[in-house]
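The two chains are supplied separately, each in an independent frame; assemble them into the complex guided by the hints.
So you can see what is in the structure, the chains are spelled out below.
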Amino acid sequence: MLDQLNREYTQADISRAVEVATGLEGEDSLEAVAKALWAKAEEIKDTEPRVAELLAGDVWVCELQLTTEERQASGASALVPKMTFTNGTTYPPYVREWPDTVRPYFLERAASTTLQQTRARYNDFVWIRWGVFPNASAARDAYLAIGCGNGFRAGGKAARTILELGRAIFLSQSLNLKRAETAVIIADELD
Amino acid sequence: MLGARLITPKAASLLATDPTRAAGLVAALTAAAQKLDTSNPYWAREIYGAAGLLAGELKNEAGVAAARSAIATSWESQAAGSTDPMTRLHFLQGALMAYQAIPGSGEVVQRLKGQLAEASASTAQSLPMHKFELKVPNANFDATLEKLRGFLANEQFGLLKLPLWLGLLPDWDKLNVSFDAQRKEYPLQYLFPRVSVDKDGRMQAQPADEAEREEALLLEHFAQTQQIGAMIAFRYLAALRESGEWSAAALITMLEEIDPEMAAACRSGIEAFEAEDFWTAVHVLVPQAERGFRNVAVEIDGNVHRLIGTEEVRVATLDKILEDSVFEKRFGASVVKSLRGLLTDPRGFNLRNLTAHGLLDPTRPQAPAAFVALMCVLIAVWLRAAVVAENQATAS
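Chains as they are written, first to last, in our numbering: chain A, -16 to 174; chain B, 9 to 404.
Don't take each hint at face value.
[What the hints assert, rightly or not] Capping the alpha-carbon separation at 25 Å, the derived lysine-lysine pairs in DSS-like fashion look like this: (1) B/LYS43 <-> A/LYS140; (2) A/LYS161 <-> B/LYS18; (3) A/LYS161 <-> B/LYS67; (4) B/LYS43 <-> A/LYS65; (5) B/LYS169 <-> B/LYS155; (6) B/LYS18 <-> A/LYS140.
[Stated by the list, open to error] Example chain B residues on the side facing chain A (calculated, C-beta under 8 Å, incomplete): (7) GLY11; (8) ARG13; (9) LEU14; (10) THR16; (11) ALA19; (12) SER21; (13) LEU22; (14) LEU23; (15) ASP26; (16) THR28; (17) LEU33; (18) ARG191; (19) LYS192.
These are computed hints drawn from the structure, not numbers from a lab.
Don't be surprised by glycine CBs; every beta carbon is placed ideally from N, CA and C.
In isolation and in its complexed conformation, chain B is listed as follows (with noise of 0.2 Å):
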């Protein structure tokens, strides 16, 4: 039954203006797909397709119901069959797709979405881990460090735009530029769609859409770049702690000199941090940079709050502050992306949505994943100190 792949919307829409024809044509392609189904089971769900399709046309919703059906019982079948975790996984989600299309299949999509997250943690586990080194030239550094310590003795409040320096807010523009330069050199590993499983059964698949790929695509690339900037950036950390120029006691000090409530809420968090209690730091300090943009929103008229049903009024969450335009138009399209980036987008770092529903992982280093929530602080209270006082100049 080759001639099903011929089935393609416009041909069952010409077939479908003889009814009788077609209506034996789904019948046969239903047979052929039958005795197809255990021997070949992917080309029988080919076959059920063709057969939907054109039942489809006929507007025959038995006929559609039935193949969706058969083809989902075949995807299903072959997960309950399969020992290999990727193999399986692949099987699971094409089950799941399948019965999604199904009306009244509620139960079975959630007893699947189970199945489908236990396999993914099974094959996250069973994949090879990859470590690699990174080795900045201490000449580079050195150099480098004298220029942030230039810039860290001529800025009042300097460590608090050292978020700016370290790159944490990039030039969308010229990341685009560099991600561009980074897929020539290395144009392997973007030749094929990827998907990426986690130990905690998520998984996150590349998005079909050209342009919706290129965007996730880029955020990864944001990402990675972050996580790298991290454990670069404790290098200088630890340079300025040496010398005095960096503590503890130093950033709540300045802190409590522009925003005494944010000091007070992030001062365990930032001595955890400096105690490389990373675990703690990061969940003190990400609760309390998504307090900090909060303020900035209200500093900006942005909308702090969301309307539930016609009486009830909640806080809107971080997601829905930094979707807000008032942000973009304040601070420009690259801040609100890299900050998008770094807590909410589940395509980005999205930490503050890791760290809220209990999704990082505690076996593994949180020292980037604090060192960034320290940095959305900062960044926070910087942003509404700048607001703060653009405001205070404009009234008088």
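One chain only, chain A, in its complex shape (with noise of 0.2 Å):
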């Protein structure tokens, strides 16, 4: 899946498939916006090859799961595939398998995304993936801006919340990123 990646991408597809995702950006949701990169990929994928590659790469970052702190400390990553066949293969493909051609793109989609949502999970991958340390300190203040003033309320959201206030919480203490402010968000978040 992901040898099609593994290829030496110019600055020139980057910046142009970094413009068309974040000209796609609408509704603050990784569903949202994987359904709108998909169907942009295929859009082009003749005129455009490499742009579209690099689009599809994107829709499945954008697709991997958040997990507990639990799974993690028996050794997963933060970020998950959705599914694993029964030949061993996973949709999306785990994290450590993504090929450094996609550094260069990813590297900007972090840094230029308008959402909260994809900004806490293009920085989450690339720290995850290339421990690029201020990727992981923009991921931590995404996922309070997200998962903050929530409520915690019963429903759907209410999983999600708990998983991206972890996700800063680990990353707050793991990597000593402003732990006190930390503490009191989420002091103020349960209170």
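Below you can see the structure in the form of structure tokens.
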């Protein structure tokens, strides 16, 4: 699946893909972004194949799932595939399998995206895959931004909020990222 | 208070950096849990757990104790209010585990253990019994019997090696492969964790640790194949008995020639086995198998004694004898695993402990147990004879 991304992309390809992806951003939701990106990738796959590949890769990053601290304690990455098939392959691919060729694209996406959900996702992805420290800090900020103010209301959103804030806590506590500030924000949320 | 789910060990340690605020959260969580205590005990316990975790980070021992105690009481109340045996069993397990985490709860734990055993027994009685039938094609049976006859005719003291031939000492690498194949063919039965309960209240849950769980499943597979193997073996024994190749007298005569002490010790058990008095046979032969393995240990310089305190020396029990590394070194890992699986491992056939502690069920057929006991006697005598012969050869 990732073979098609394991090629050199020119700065022009990357800039163009980032421009297209940013232009598609509307609703602050990973699902909505992934849907729009996929439609665009399909649309331009013959005319701008390199750009379409990067957009498809972007969809896969959006489709990864945030997991619990408990699962991470047993060795899982914070972002895990949605599905594992009987032949051992997964959808999307494991974070560790992503080629270095797409690193510049995701660094740019992390810096330029206009939505909080995607900001959290790209920054966290870049931190987990390539260990770029400023991205961990940006991911922590974005997770707090999207997780706070939801009031842990019952329903599907509560589970996601817990994952998002849990990830912010994990990053803050394990990387010593503004711990005191994070503690206050979380305590306010719990009150 | 869905936010309680957020309080993981990492979150608790982060929140504890502001102790005053965190103490306020402990109080808020406890109050929220108390409100839900009866209306939603599951959720109340989860919130108490979060409060306890946070209190622990604050070194607030009273807070930790209060949370644990509330959790334990909640489980116990649910158990008391439950009439369905399986559900009651689940609640009692929860209560027991929760009380075990509270220092000074020994008395409650003992009381709950009694209730748990009672609930297990009641659950076991209420479970439906499934029976199955195994058909071995005659053609296969006849061909195998011919091979067995050839083996017995060509081997000196062939009956002694019958357990080997009948698969009581399998190669565990191969057993692992066959288990994996079975799992692939019938994946559903391995999908869910299982708890085994016995009529006398014994209960065994699958271990949480993956490696231990795999080992337990493999041992269970071994015990099941031995159980089925024993039933098939009775057909072979019947055929050999008919032709005079197998009888109590033949076995006892052979044992007298090789190991007169074991022959005398096992005589009544072998006779009971041949008279189909399997209950007597198993109770005579299992302790004699232990004697036999102790004799083997003596021959290989294994440790057959254990020191109690600083002065008293007692005879080592079979599990300790088989755990001794000299056993594995001399006979290999597969032999030791098989013997432990047959005799001393609670996750396997566990025949030695079930017999020694009066845990065999007299209302159930004991033919497989008696068969395994007899085979273990033969294995012990064979191993010792082999070691003695080797030692003599080395000395000369």
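Q) Does the nearest C-beta of chain A fall within a distance shorter than 8 Å of the C-beta of B/LEU23? A) holds (5 Å)
(Q) Would the hint linking A/LYS161 and B/LYS67 be met if the CA-CA limit is 25 Å? (A) holds (23 Å)
Q: Please verify that hint: B/ARG13, Cβ, nearest Cβ of chain A, below 8 Å or not.
A: holds (5 Å)
Q: Compare the distance between the alpha carbons of B/LYS18 and A/LYS140 with 25 Å, and conclude whether the hinted pair is satisfied.
A: Holds, at about 22 Å.
Q: Classify the hint on B/THR28 as holds or violated, based on whether any CB of chain A lies nearer than 8 Å to its CB.
A: Nearest chain A Cβ about 10 Å off; hint violated.
Q. Does the alpha-carbon distance linking B/LYS43 and A/LYS65 stay inside the 25 Å limit?
A. violated (37 Å)
Q: Grab the minimum C-beta distance from B/THR16 to chain A and call the hint holds if it beats 8 Å, violated otherwise.
A: holds (5 Å)
Q. Does B/GLY11 pass the interface hint, meaning its C-beta sits closer than 8 Å to a C-beta of chain A?
A. holds (5 Å)
Q | Residue hint B/SER21, partner chain A, criterion CB-CB below 8 Å | A | Where the cut-off is 8 Å and the nearest Cβ of chain A is about 6 Å from B/SER21, the hint holds.
Q: Double-check B/ARG191 for me: the hint is only fine if its C-beta lies closer than 8 Å to a C-beta in chain A.
A: B/ARG191 check fails; min Cβ-Cβ to chain A is 14 Å, beyond 8 Å.
Q | Satisfaction of hint between A/LYS140 and B/LYS43, Cα-Cα up to 25 Å | A | This hinted pair holds, its Cα atoms lying about 24 Å apart.
Q | Cut-off 8 Å, beta-carbon criterion: hint that B/ASP26 touches chain A | A | holds (5 Å)
Hint compliance for this structure: hints 4, 16, 18 and 19 are broken, all remaining hints hold.
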